[in-house]
Amino acid sequence: MPWTKIYGSRTEFEKALKDTPGLRGITYKEAIREATAQLLASDKSVFVIGEGVDDSGGVFGTTKGLQEEFGKERVMDSPLAENGVTGVCVGAAAAGMKPILVHMRVDFLPISLDQIVNHAAKWNYMFGGTVNVPLVIRSIIGRGWGSAAQHSQSLQAMFMNIPGLRVIMPATPYDAKGLLIAASRDGNPVIMIEHRWLYDHVGHVPEEMYEVPLGKASVRRSGKDVTIVAVSHMAHEAMQAAEALAAEGIDAEVIDLRTLKPMDSSTVIESVKKTGRLIVADTGWKECAVGAEVIAKVAEAGVSLKAPFMRVNLPEAPTPASPALEKAYYPGKDDIIEAARKTAGHGERKA
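So the sequence shown is numbered by the numbering used here: it starts at 1 and just counts up by one.
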């Protein structure tokens, strides 16, 4: 998708596109709901299950009204039994269904690790390719309103380490719809991690069904001085940082990974070859994380850097509940700007 900007409201979207009639703007959460409804309508093997998918809020609006539209047999609430429900979905997927399982928080996924890691991720291999597990697990990163240490974690790196799993983190409404549809059709277990701060963002989303290919990053902004590889909400922080850096004469290229596993390392490597500088901005921690993997792939490719790489991550501590501490805890555009200034301040290394 060629556009790079998203909008905080429909009014802002419509104002920006007043000279381009016919483009439709919906929110990130509406894009997920629309993709789910279209999958349910087009494929009888798809069903939705999870805690609160049938309540009035509909998991922050992403499943609102789906049970009324498609019935309790295809959109069903689940008990507080994450491991058991995940096991049911693994079995259903192996039997030919295409479950979309909603875990309200990514923090709850560790309760289901046995089913995800030892069953969903392994069965295709263990049965010699004769059994597929086309299971999509949607899960949400929390932030704000005192979510604290057990409801705010960003655990994507944990699942990147498991062969057989795919991990996606869409940052825009367009990608949220397209990646969810592609994930449901992929035939493999896919974990889709959504950032709650993205749910009200508005962007152009076509009404028809479409797929965004798994394993393909998006260059959100071209630049020549520094490459910023970003994940989920940090892609928007990176875009804001890039605009501010441009005013200082630093031309940043922003890459939104979109899919963490399989990772589009070729797009990243080609960008870093051009800029010679690399920053990775992730929603998670630094150790054994997304940034470490991106940097390793660039190093393995033998790319020569003009300056040391930089990583923008959470501090190595659990999430605090206090709003004041939260403000200090979470990185954002200012941290990316500071990292870019540091790496751009290095001269070219002499051979």
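Be careful, since some hints might not be right.
As the list claims (entries may be wrong) - Subject to a maximum C-alpha distance of 25 Å in a straight line, what follows is the list of computed DSS-like cross-link-like pairs (lysine-lysine):
| id | residue 1 | residue 2 |
| --- | --- | --- |
| 1 | Lys297 | Lys224 |
| 2 | Lys342 | Lys286 |
| 3 | Lys224 | Lys342 |
| 4 | Lys327 | Lys274 |
| 5 | Lys273 | Lys297 |
| 6 | Lys297 | Lys274 |
| 7 | Lys122 | Lys216 |
| 8 | Lys273 | Lys306 |
| 9 | Lys224 | Lys327 |
| 10 | Lys273 | Lys333 |
| 11 | Lys286 | Lys216 |
| 12 | Lys306 | Lys327 |
| 13 | Lys273 | Lys286 |
| 14 | Lys333 | Lys274 |
| 15 | Lys224 | Lys306 |
| 16 | Lys44 | Lys72 |
| 17 | Lys122 | Lys64 |
| 18 | Lys297 | Lys216 |
| 19 | Lys297 | Lys327 |
| 20 | Lys327 | Lys342 |
| 21 | Lys342 | Lys274 |
| 22 | Lys273 | Lys327 |
| 23 | Lys306 | Lys342 |
| 24 | Lys274 | Lys216 |
| 25 | Lys44 | Lys64 |
| 26 | Lys297 | Lys286 |
| 27 | Lys273 | Lys342 |
| 28 | Lys342 | Lys297 |
| 29 | Lys224 | Lys273 |
| 30 | Lys274 | Lys224 |
What the hints assert, rightly or not - Just the calculated beta-carbon pair ranges, DEER-fashion:
| id | residue 1 | residue 2 | range |
| --- | --- | --- | --- |
| 31 | Ala244 | Pro318 | 29 to 37 Å |
| 32 | Glu287 | Pro213 | 40 to 48 Å |
| 33 | Met97 | Asp334 | 41 to 49 Å |
| 34 | Asp77 | Lys216 | 30 to 38 Å |
| 35 | Ser304 | Lys72 | 55 to 63 Å |
| 36 | Gly215 | Gly52 | 26 to 34 Å |
| 37 | Asn161 | Asn83 | 24 to 32 Å |
| 38 | Gln240 | Leu23 | 18 to 26 Å |
| 39 | Leu113 | Gly249 | 45 to 53 Å |
| 40 | Ala95 | Lys273 | 17 to 25 Å |
Hints in this document: simulated from the structure, not taken from any laboratory.
Cβ coordinates follow ideal geometry from the N, Cα and C atoms, glycine included.
Against the structure, the hints come out as follows:
no., hint, result
1, Lys297 <-> Lys224, "holds, 20 Å"
2, Lys342 <-> Lys286, "holds, 18 Å"
3, Lys224 <-> Lys342, "holds, 16 Å"
4, Lys327 <-> Lys274, "violated, 35 Å"
5, Lys273 <-> Lys297, "holds, 12 Å"
6, Lys297 <-> Lys274, "holds, 16 Å"
7, Lys122 <-> Lys216, "holds, 24 Å"
8, Lys273 <-> Lys306, "holds, 10 Å"
9, Lys224 <-> Lys327, "violated, 32 Å"
10, Lys273 <-> Lys333, "holds, 24 Å"
11, Lys286 <-> Lys216, "holds, 23 Å"
12, Lys306 <-> Lys327, "violated, 32 Å"
13, Lys273 <-> Lys286, "holds, 23 Å"
14, Lys333 <-> Lys274, "holds, 23 Å"
15, Lys224 <-> Lys306, "holds, 12 Å"
16, Lys44 <-> Lys72, "holds, 14 Å"
17, Lys122 <-> Lys64, "violated, 33 Å"
18, Lys297 <-> Lys216, "holds, 15 Å"
19, Lys297 <-> Lys327, "violated, 32 Å"
20, Lys327 <-> Lys342, "holds, 23 Å"
21, Lys342 <-> Lys274, "holds, 18 Å"
22, Lys273 <-> Lys327, "violated, 35 Å"
23, Lys306 <-> Lys342, "holds, 12 Å"
24, Lys274 <-> Lys216, "holds, 19 Å"
25, Lys44 <-> Lys64, "holds, 19 Å"
26, Lys297 <-> Lys286, "holds, 16 Å"
27, Lys273 <-> Lys342, "holds, 19 Å"
28, Lys342 <-> Lys297, "holds, 22 Å"
29, Lys224 <-> Lys273, "holds, 10 Å"
30, Lys274 <-> Lys224, "holds, 6 Å"
31, Ala244 <-> Pro318: 29 to 37 Å, "holds, 30 Å"
32, Glu287 <-> Pro213: 40 to 48 Å, "violated, 30 Å"
33, Met97 <-> Asp334: 41 to 49 Å, "holds, 46 Å"
34, Asp77 <-> Lys216: 30 to 38 Å, "holds, 35 Å"
35, Ser304 <-> Lys72: 55 to 63 Å, "holds, 59 Å"
36, Gly215 <-> Gly52: 26 to 34 Å, "holds, 31 Å"
37, Asn161 <-> Asn83: 24 to 32 Å, "violated, 20 Å"
38, Gln240 <-> Leu23: 18 to 26 Å, "holds, 22 Å"
39, Leu113 <-> Gly249: 45 to 53 Å, "holds, 48 Å"
40, Ala95 <-> Lys273: 17 to 25 Å, "violated, 47 Å"
When each numbered hint is compared with the structure, violations occur for hints 4, 9, 12, 17, 19, 22, 32, 37, 40.
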